[in-house]
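Novice: My request is simple: use the sequences and hints to build the entire structure.
8 protein chains.
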Amino acid sequence: TRSGVPEAVLAEGKTPTEVADLIATGLETTGRAIATRLTPDHREAVHDHLDESHPGATIEDDQRARTLVARAPDFESPNLDATVGVVTAGTSDAIPAGEATTLLEEMGASVERIDDIGVASLARMLDQLGVLREQDVLIVAAGREGALPTVIAGLVDVPVIGLPVSTGYGHGGEGEAALSGMVQSCTALSVVNVDAGFTAGAQAGLIARQLDDARES
Amino acid sequence: TRSGVPEAVLAEGKTPTEVADLIATGLETTGRAIATRLTPDHREAVHDHLDESHPGATIEDDQRARTLVARAPDFESPNLDATVGVVTAGTSDAIPAGEATTLLEEMGASVERIDDIGVASLARMLDQLGVLREQDVLIVAAGREGALPTVIAGLVDVPVIGLPVSTGYGHGGEGEAALSGMVQSCTALSVVNVDAGFTAGAQAGLIARQLDDARES
Amino acid sequence: TRSGVPEAVLAEGKTPTEVADLIATGLETTGRAIATRLTPDHREAVHDHLDESHPGATIEDDQRARTLVARAPDFESPNLDATVGVVTAGTSDAIPAGEATTLLEEMGASVERIDDIGVASLARMLDQLGVLREQDVLIVAAGREGALPTVIAGLVDVPVIGLPVSTGYGHGGEGEAALSGMVQSCTALSVVNVDAGFTAGAQAGLIARQLDDARES
Amino acid sequence: TRSGVPEAVLAEGKTPTEVADLIATGLETTGRAIATRLTPDHREAVHDHLDESHPGATIEDDQRARTLVARAPDFESPNLDATVGVVTAGTSDAIPAGEATTLLEEMGASVERIDDIGVASLARMLDQLGVLREQDVLIVAAGREGALPTVIAGLVDVPVIGLPVSTGYGHGGEGEAALSGMVQSCTALSVVNVDAGFTAGAQAGLIARQLDDARES
Amino acid sequence: TRSGVPEAVLAEGKTPTEVADLIATGLETTGRAIATRLTPDHREAVHDHLDESHPGATIEDDQRARTLVARAPDFESPNLDATVGVVTAGTSDAIPAGEATTLLEEMGASVERIDDIGVASLARMLDQLGVLREQDVLIVAAGREGALPTVIAGLVDVPVIGLPVSTGYGHGGEGEAALSGMVQSCTALSVVNVDAGFTAGAQAGLIARQLDDARES
Amino acid sequence: TRSGVPEAVLAEGKTPTEVADLIATGLETTGRAIATRLTPDHREAVHDHLDESHPGATIEDDQRARTLVARAPDFESPNLDATVGVVTAGTSDAIPAGEATTLLEEMGASVERIDDIGVASLARMLDQLGVLREQDVLIVAAGREGALPTVIAGLVDVPVIGLPVSTGYGHGGEGEAALSGMVQSCTALSVVNVDAGFTAGAQAGLIARQLDDARES
Amino acid sequence: TRSGVPEAVLAEGKTPTEVADLIATGLETTGRAIATRLTPDHREAVHDHLDESHPGATIEDDQRARTLVARAPDFESPNLDATVGVVTAGTSDAIPAGEATTLLEEMGASVERIDDIGVASLARMLDQLGVLREQDVLIVAAGREGALPTVIAGLVDVPVIGLPVSTGYGHGGEGEAALSGMVQSCTALSVVNVDAGFTAGAQAGLIARQLDDARES
Amino acid sequence: TRSGVPEAVLAEGKTPTEVADLIATGLETTGRAIATRLTPDHREAVHDHLDESHPGATIEDDQRARTLVARAPDFESPNLDATVGVVTAGTSDAIPAGEATTLLEEMGASVERIDDIGVASLARMLDQLGVLREQDVLIVAAGREGALPTVIAGLVDVPVIGLPVSTGYGHGGEGEAALSGMVQSCTALSVVNVDAGFTAGAQAGLIARQLDDARES
Ligand SMILES: Nc1ncnc2c1ncn2[C@@H]1O[C@H](COP(=O)(O)O)[C@@H](O)[C@H]1O
Ligand SMILES: Nc1ncnc2c1ncn2[C@@H]1O[C@H](COP(=O)(O)O)[C@@H](O)[C@H]1O
Ligand SMILES: Nc1ncnc2c1ncn2[C@@H]1O[C@H](COP(=O)(O)O)[C@@H](O)[C@H]1O
Ligand SMILES: Nc1ncnc2c1ncn2[C@@H]1O[C@H](COP(=O)(O)O)[C@@H](O)[C@H]1O
Ligand SMILES: [Mg+2]
Ligand SMILES: [Mg+2]
Ligand SMILES: [Mg+2]
Ligand SMILES: [Mg+2]
Ligand SMILES: [Mg+2]
Ligand SMILES: [Mg+2]
Ligand SMILES: [Mg+2]
Ligand SMILES: [Mg+2]
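Chains as they are written, first to last, in this note's numbering: chain V, 1 to 217; chain E, 1001 to 1217; chain H, 2001 to 2217; chain D, 3001 to 3217; chain Y, 4001 to 4217; chain R, 5001 to 5217; chain P, 6001 to 6217; chain F, 7001 to 7217.
Worth flagging that the hints you see were computed from the coordinates, not collected in a lab. These figures come from a predicted structure and were not determined experimentally. Where is the CB? At the ideal position from N, CA and C, for every residue including glycine. Heads up, some of the hints might be wrong.
Unchecked claim - Cut-off 20 Å, straight-line C-alpha distance, at most; resulting in silico cross-link-like pairs (EDC-like, lysine to aspartate or glutamate):
id	chain 1	residue 1	chain 2	residue 2
1	Y	Lys-4014	P	Asp-6116
2	P	Lys-6014	P	Glu-6044
3	R	Lys-5014	D	Asp-3062
4	H	Lys-2014	H	Asp-2048
5	Y	Lys-4014	P	Asp-6115
6	D	Lys-3014	E	Asp-1116
7	V	Lys-14	V	Asp-74
8	P	Lys-6014	P	Asp-6041
As the list claims (entries may be wrong) - In silico negatives: residues of chain V with every beta carbon more than 12 Å from chain P:
id	residue
9	Glu-18
10	Ile-114
11	Ala-120
12	Arg-144
Specialist: As structure tokens, then:
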């Protein structure tokens, strides 16, 4: 599309049938369809539908990320010369980080996952500093107090996108503390909404495409 | 610094003497000093101090943006092969947009200012679409309902950083409606805090540096 | 009633039997009954009840809008010489927009639906500008950042009523960003509560009645 | 403009000189200029400027409403066949109600002011019921708990626009209780932001213009 | 107890067995037990338990109010020479109003229920003005915008306790608009928490006891 | 008035001249005028005005409470057979407690002040338990965490009205923690808005009047 | 670990299998595993898993506290010469207080439980004053208005950690009033998040370890 | 006092004369007086007053911390065998950290100040790790996103008290992001209110006194 970001179906709030239909339509119009936040029921309905209607399509299922990608046999995946690091503080950050990963891969970027390096155990993070500094862009997902993107952005000179995650209960729970901490960060972060892995991936993907353009010329 | 962003003095909440001293120290240690949110009193104190202590320094004053940059005679400004568009919806967005502009220029990026194209008069914005699409990155400042970054991001395929501005009174005033609208945007925006022009500039500057690197090689 | 707006039963929070009884009572006292936010269970209970108690009544079911209207055989529907445009940004806005539509039709206004013209794809909206400008009043439903009513109100000179919708997760989710953005709008909107399609319809219906009066005389 | 609402200068946050210049420009380009939220200093600067630059212009000053209108000698004021009732609960509602009045008069509507009929003394309000029911549209301003628009809308069948006012201290103060009460109203209100008299006037003015059109034809 | 208010079991969040046990204990220690917010399961468990353990006890069940009172055969109910009016705006206010009623009756006050006189139909309320003015104290329950206690308090000179109810969706929903409106009221209300019918009843009961004392002497 | 509460002028937000005029008018129409939240300038203006216009009037000035009462020579103060205890946790509660006291005295109740018995020094409070239990009604003012009304209500069986005070900074400051703590209280409190000493006094005054009536008969 | 606090598995949001696996891993790596917020399903899965994989392990189940501890046969529990008082206001505080107790015991502190001494019945609390003053540190759990830690901290000179509990409905419900009241407390409290019994226990455990160190030397 | 914490005068909101009087009274009753948040005017008034009334007293002025301590000639300062580390992230944390320092010193603890080690430059912090680990307790002050206490608590095994500071503008400003981040911390922090350096000092001082007791015996 004109906006540079592939369309995706947000399964949450839709029936399995609706999602399956939208995926089928996506396949037909653009050769590929992406969906996020699928339940097992959504997933099953998509498989059943496509098995019948589009037997040649390939389906890629990431159950951890709750995403699904279907591709027509002749769909040509883009390929960008740019690498995005997708970082998580802990296991609860897997869904939004996985959403970002799926979208980035569909936009053609190389993704380097660096998991479970939350600030509660700083040594693990410092061990990864070399890898972190090699990326073109970083997406850093963190829940609760959301300190990880701030700590990393103070140590690297690549752009960091903070991705707050809706973990945490009580005051500032549901990702609100993480979001407000990230916008207050004393380092140079930009931020997306709580759990908006899709948006973080899209933004990093647009930067990756600019870099790919620059490297080509 | 390691984080890739030049240090700057936030004058707000400091006395004129404190700001002048910090500027002088900055000049001596790094050859350049940047300050934001200066009042006329801050400004005067800096000029008085530097006239005496660093007569060779050049001072650049942007009264609209409320920023100031001092440079030692031998300071070599960086120069990046990348262009950032800094867009405002209206005149009230001038201060944060100016802060972003100053920082970007000090990081070496070319800045293209595109002013007063708020959604209340869509035609003016559509007229600038060509220019908007030519930029490597866009920072879009908007207050009140903050709709402009969303509308632009739907029309271009370069990364857009939303910069909410603290205009607006009543419910959702002080930039809160703009911030929450931007994180809710149905397009791919990343966002910084209300009035955080400095952070938006830093983030766009880091992207510009990556692009410059990519173009060089 | 004295307030000019037909009574309606809000099914949410009532048992199927309660809703069916209230519909039957409405039919008897005013010749017509309107209900909103029905589940399939509510719907079934109403049909079962009326089939027995009021076999002559006609029932109009809008499953998308989750509304239901029952009319006695001799009920005379009002007819106003005025047209209201009911606009949606996306498919998630269908329920409140449908509520508004049902109420407007029961008040006698002509309704023109203009769907799926959200700001993420501005071209689709600009295509409809002619139709939008022909309406007497516009109700514009939008969730997430809620920018659509602002963009439209800047392009037309008919009164626009903003209808925020409870889509969106995270910060500003549940329609709060949309509501605060609409009251902050830099154009001349009036606004109703999140998901209050009934209220938006009622307000537009009262304006339509004034116009009908004016045209008659 | 295309949006149907005359431009106005919001003096708040601008210097007296800036306001005077904007008024002068407005006079030249459209033959009339409107400003709101003027301090005495703004006012004086406008008079001084226009006395010199536009000696033929007439200036209308409403100190209670804090508005000012300047007109070129040959400006032709519009004249609409429609009446808007502007109602206040108490004396603290005078500024936003006055803003609405000024704008409506400049748009050409007849304005009927009905003041100080707050719910604490219901009898005074009931006395005015006849007048209230004669208006084409009502704007009802109220602060603190903001109950007046709800009470009136239950008694009349003309459209009512609720205008919350930033009176009240403590919990729900600054107009927040009034705004949330009005959007929660169990009657058919549409609402504008706290203190947004200008917006309420604009919206009512657009309705008045539709009625004038209807009456003409 | 020393605080003057009978103990009661809040069934919400307790298992049926726990509630039944607490009721039985209450019966034994004070001759009477009160419970609020019971589900049908709670209710059944209490009946089953008491049928066996306290066959002589009488059980009073108010399913509308979701309350239950058990009394030992020899329990002597208090009897106060004072009347409290318990008023509701609409049917959704029945549960908290019923809670207040149950508690008041157990404290010995006479209760006068005045139902469904919400501000949307002011005439019904004005019809009851005589009855309202005869009460010693009034509890006025209202949800959504919560205007009824304000309107009544302006018309009577007995003390009015506002009881906000958690109806209403969207902004200010869940009783928040009603609560903030009642504390902002331009009349002399005191207020209890959202849905806190028990507290309202206790407070009115303590006033009733003071009046009874005064009348006796 | 019909509402049973004497009118009062809220000086805050009014000019000294406006307040003086309103006091003079009050004197003439009802023989007495009450004002709250006066600055020294308001006070001076009232004295100057009345010295000239109403030389026979008596003026009572409570600078601690920031209230003022003016009475015509022939005004007959009411006298109720009922006592209200007005309690403060600390010195910062003096203004709202003083407002309540002034209003109660003007309504004719006897007021017993019990000061500085905040929960941080429980012994001082327990010493006053006898006095507290002798009152007909208690108003208990407290800022910060607002625990005092809860503690007292657990120890007495007279009705307690909680009066939250706007002391305290940071999270829950400005009286918000006190208000929410009082509505959450596990004892039977009714509550007024933050700093609403006037309202607390009015409510207690209406109860006092009921008691006086009961005692007379 | 370096942080001094034993790891624990937060069962909430994890499947029974995941929790059982994490417990087994914990057992193997550190000889002990702690889990919090288990449902009966989690509990069963852990027992089943360990019965098979670690038949020699002992499992301690606190169903009230919803915690579980598994220990390898050779695990040596620490033993600190320090006592922490864990206090509850009422029965609803049992879960977070139990979490704190479990963690403290696993860190080796002696725990003294002092239950059901909420402020509504001050006498019960005053009876325990001797015991309270003998502890080295106090954790005081309280929901609703959360006044208990404040009242206790005013009467003892040992450090008190406030633990707000998510009881209470309506305004300030879900523990928000308790948290804000505790941070506003006019005594010297430190505080943890709503329901964060684990954190309160960890903090008190670290203090206990310091005291044990001091006593040993 | 019984609570173990010395009384202190909060100068904010009091006149210079009031503060001077309270200091003089404190001196007389306990031999020492502490005041916080003094302006230069307060300071001057205290000096003037004591010079005259208590010429023998010594006054200690910490202008950075805005605190003042006056001691009678014969006052014996306590002396505890315990060290508290008071840590700041940046210069804006100086006032609350200084308040904590003053109170700790007056309670007799040794204070080690470790300044300007905020997370934006992690190396400076890691350099201080040895010193941090040597303290008995740590108070860690931080504004904006408030990440520093979390990062430190993950690296040390002494108890850490988080002290959020009211720096930062926009969303989550005024210390709200820091507070909510600290209560959400994935490490074991206890927390005090925004800017509550006095409370943090008091809490750490009580722990220090326990340690001193333990070491003595
Ligand atoms: N997880 C997600 N978060 C945010 N936006 C999404 C997500 N998944 C899909 N979308 C976007 O939301 C829109 C789908 O909305 P809908 O029409 O309701 O399916 C698409 O334009 C997607 O680009
Ligand atoms: N979807 C809706 N949103 C807002 N108000 C509604 C809705 N549906 C019905 N109503 C109004 O709410 C009232 C119904 O309330 P109830 O007595 O609870 O059925 C009626 O007076 C209707 O006019
Ligand atoms: N301190 C106060 N707090 C709340 N209401 C007050 C106060 N003082 C006066 N009032 C009431 O507010 C109204 C005065 O409003 P105004 O017309 O602005 O003077 C009167 O009806 C008084 O009953
Ligand atoms: N009830 C609890 N509240 C807060 N934190 C907890 C709780 N139980 C466990 N934890 C901590 O949360 C982390 C568990 O996170 P996870 O990796 O999601 O299991 C561990 O490091 C525990 O120290
Ligand atoms: Mg785009
Ligand atoms: Mg960096
Ligand atoms: Mg009406
Ligand atoms: Mg328009
Ligand atoms: Mg009591
Ligand atoms: Mg009254
Ligand atoms: Mg630690
Ligand atoms: Mg203590």
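Novice: Please settle this one: V/Ala-120 was flagged as non-interface, so is its CB more than 12 Å from every CB on chain P?
Specialist: Non-interface label on V/Ala-120 violated, nearest chain P Cβ at 7 Å vs cutoff 12 Å.
Novice: Are D/Lys-3014 and E/Asp-1116 close enough, with their CA atoms no more than 20 Å apart?
Specialist: 17 Å, holds
Novice: Does V/Ile-114 really sit off the interface, with its C-beta more than 12 Å from all C-beta atoms of chain P?
Specialist: 21 Å, holds
Novice: With the threshold set at 20 Å, check whether the alpha-carbon distance from Y/Lys-4014 to P/Asp-6116 stays at or below it.
Specialist: 17 Å, holds
Novice: If you draw a straight line from the CA of R/Lys-5014 to the CA of D/Asp-3062, is it 20 Å or shorter?
Specialist: Given pair R/Lys-5014, D/Asp-3062 holds - Cα atoms ~18 Å apart, limit 20 Å.
Novice: If I take the minimum Cβ distance from V/Glu-18 to any residue of chain P, is it greater than 12 Å?
Specialist: 27 Å, holds
Novice: Examine each Cβ of chain P, and state whether all of them lie more than 12 Å from the Cβ of V/Arg-144.
Specialist: Incorrect as stated: the minimum Cβ-Cβ distance to chain P is 10 Å, not above 12 Å.
Novice: Hint check: P/Lys-6014 vs P/Glu-6044, CA-CA at most 20 Å. Holds or violated?
Specialist: Within the cut-off at roughly 14 Å; holds.
Novice: Take the C-alpha atoms of Y/Lys-4014 and P/Asp-6115, compute the straight-line distance between them, and say whether it is at most 20 Å.
Specialist: Roughly 18 Å separates the two Cα atoms, so the pair holds.
Novice: Given the hinted pair P/Lys-6014 and P/Asp-6041, is their Cα-Cα distance within 20 Å?
Specialist: Holds: P/Lys-6014 and P/Asp-6041 sit about 11 Å apart, inside 20 Å.
Novice: What's the verdict on V/Lys-14 and V/Asp-74, does the C-alpha distance respect the 20 Å limit or exceed it?
Specialist: 28 Å, violated
Novice: Between the alpha carbons of H/Lys-2014 and H/Asp-2048, is the straight-line distance 20 Å or under?
Specialist: 17 Å, holds
Comparing the model with each numbered hint stated earlier shows that hints 7, 11, 12 do not hold.
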